[in-house]
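Chains as they are written, first to last, in my numbering: chain A, 1 to 142; chain B, 1 to 142.
The hints are simulated quantities; they were obtained by calculation from the structure and are not laboratory data. Keep in mind that the hints are not guaranteed to be accurate.
If several chains are the same, the list does not tell them apart, and a pair holds so long as it fits within one copy or across any two.
Within a straight-line C-alpha distance of at most 25 Å, the following computed DMTMM-like cross-link-like pairs (lysine to aspartate or glutamate) qualify [unchecked claim]:
1. Lys-66 <-> Asp-95
2. Lys-10 <-> Asp-95
3. Lys-10 <-> Glu-76
4. Lys-66 <-> Glu-107
5. Lys-10 <-> Glu-107
6. Lys-10 <-> Asp-77
7. Lys-10 <-> Asp-78
8. Lys-66 <-> Asp-116
9. Lys-10 <-> Asp-38
10. Lys-66 <-> Glu-76
11. Lys-66 <-> Asp-38
12. Lys-10 <-> Glu-117
13. Lys-66 <-> Glu-117
14. Lys-10 <-> Asp-48
15. Lys-66 <-> Asp-115
There are 2 protein chains.
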Amino acid sequence: MLRVHAQLTKALDANLEAVHGLPLSHYDVLVQVSNAPDQRMRMCELADGVLLSRSGLTRLVDRMAKDGLLERCACEDDARGSFACLTPAGRARLDEARPTHLSAVRELFLQTFTDDELAQLAGLWQRVLPASAAAGDCGCDS
Amino acid sequence: MLRVHAQLTKALDANLEAVHGLPLSHYDVLVQVSNAPDQRMRMCELADGVLLSRSGLTRLVDRMAKDGLLERCACEDDARGSFACLTPAGRARLDEARPTHLSAVRELFLQTFTDDELAQLAGLWQRVLPASAAAGDCGCDS
DNA sequence: GGCAAGTAGTTGTACACGCAACTATATCAG
DNA sequence: CTGATATAGTTGCGTGTACAACTACTTGCC
Numbered sequence: 001m002l003r004v005h006a007q008l009t010k011a012l013d014a015n016l017e018a019v020h021g022l023p024l025s026h027y028d029v030l031v032q033v034s035n036a037p038d039q040r041m042r043m044c045e046l047a048d049g050v051l052l053s054r055s056g057l058t059r060l061v062d063r064m065a066k067d068g069l070l071e072r073c074a075c076e077d078d079a080r081g082s083f084a085c086l087t088p089a090g091r092a093r094l095d096e097a098r099p100t101h102l103s104a105v106r107e108l109f110l111q112t113f114t115d116d117e118l119a120q121l122a123g124l125w126q127r128v129l130p131a132s133a134a135a136g137d138c139g140c141d142s
Numbered sequence: 001m002l003r004v005h006a007q008l009t010k011a012l013d014a015n016l017e018a019v020h021g022l023p024l025s026h027y028d029v030l031v032q033v034s035n036a037p038d039q040r041m042r043m044c045e046l047a048d049g050v051l052l053s054r055s056g057l058t059r060l061v062d063r064m065a066k067d068g069l070l071e072r073c074a075c076e077d078d079a080r081g082s083f084a085c086l087t088p089a090g091r092a093r094l095d096e097a098r099p100t101h102l103s104a105v106r107e108l109f110l111q112t113f114t115d116d117e118l119a120q121l122a123g124l125w126q127r128v129l130p131a132s133a134a135a136g137d138c139g140c141d142s
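I would like the entire structure built from these sequences, with the hints used as guidance.
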């Protein structure tokens with residue numbers, strides 16, 4: 001059963017990644033940042049948001065900055081902090097990828113269920129979070 | 001929602017991996033092989049079973065063979081094939097890890113639900129598989 | 001039999017990630 | 001103000017994985 005779970009996630013992610021050029025992790029970052037005030041986020045929060053270690057995020061943001069999707073901006077309040085800021089190119093890329101992504105999700109996942117069932121699933125899932133959080137310990141939640 | 005899903009899997013896996021010495025992937029292989037007839041499996045089937053590419057599996061089995069958990073055995077019927085065979089040490093390691101693993105799963109996951117809910121979840125999950133399989137497409141047959 | 005095409009598994013290479021160590025800044029105690 | 005401790009982020013290094021190219025064997029067609 002756990003295995004089914006893993007397989008599903010994996011297949012889903014692989015497909016989504018293949019459909020548009022963006023790796024899913026990049027897409028994920030773009031979504032998070034675009035939802036943040038001023039289109040920018042602290043590295044730390046971003047790391048939580050995309051479920052990555054700090055070092056992982058540093059490198060991910062590096063790659064995305066190299067591609068012009070993000071920019072590093074200094075933080076005025078805290079000189080040791082950094083923002084990842086969405087660039088116009090990043091926003092454009094996101095706007096372009098989002099419909100593809102959403103429709104893929106819908107096709108592979110949502111379509112299989114009725115609204116009731118989705119609600120059920122959501123409810124059941126939520127209940128697992130506390131336990132897994134206690135074990136995995138990840139500060140943020142979506 | 002997808003994110004919750006990913007987070008859960010990840011937290012769960014991380015915890016299980018930490019509890020006993022075995023990485024989860026090793027454990028997974030041991031379980032699969034131990035369930036196979038004669039305690040041995042073709043590399044190809046094993047790769048499917050643990051959701052790994054062939055090359056990934058080759059190396060995983062290498063590592064496990066180095067640790068004495070598995071052995072490589074030639075296949076009589078098909079000279080290009082290989083079996084991964086469970087060694088006594090591998091079986092012992094599995095027997096030792098299994099209770100730990102199962103109780104961790106129970107604690108983190110099953111405990112949160114009633115039997116009915118588990119049945120629901122299982123049913124809903126199964127329905128996603130066809131779609132994800134069509135997308136993920138894994139070369140070997142089962 | 002002999003060659004083409006397919007299949008099982010391995011190896012070279014590159015990439016993404018985590019951990020631990022590090023720098024730089026902030027915060028707090030005295 | 002000074003030093004101890006904590007926090008934000010980066011870097012070095014090791015690990016695990018996939019992809020692509022490869023070898024070796026099998027199968028099917030001529």
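Earlier hints that do not hold, by number: 3, 4, 6, 7, 8, 9, 13 and 15
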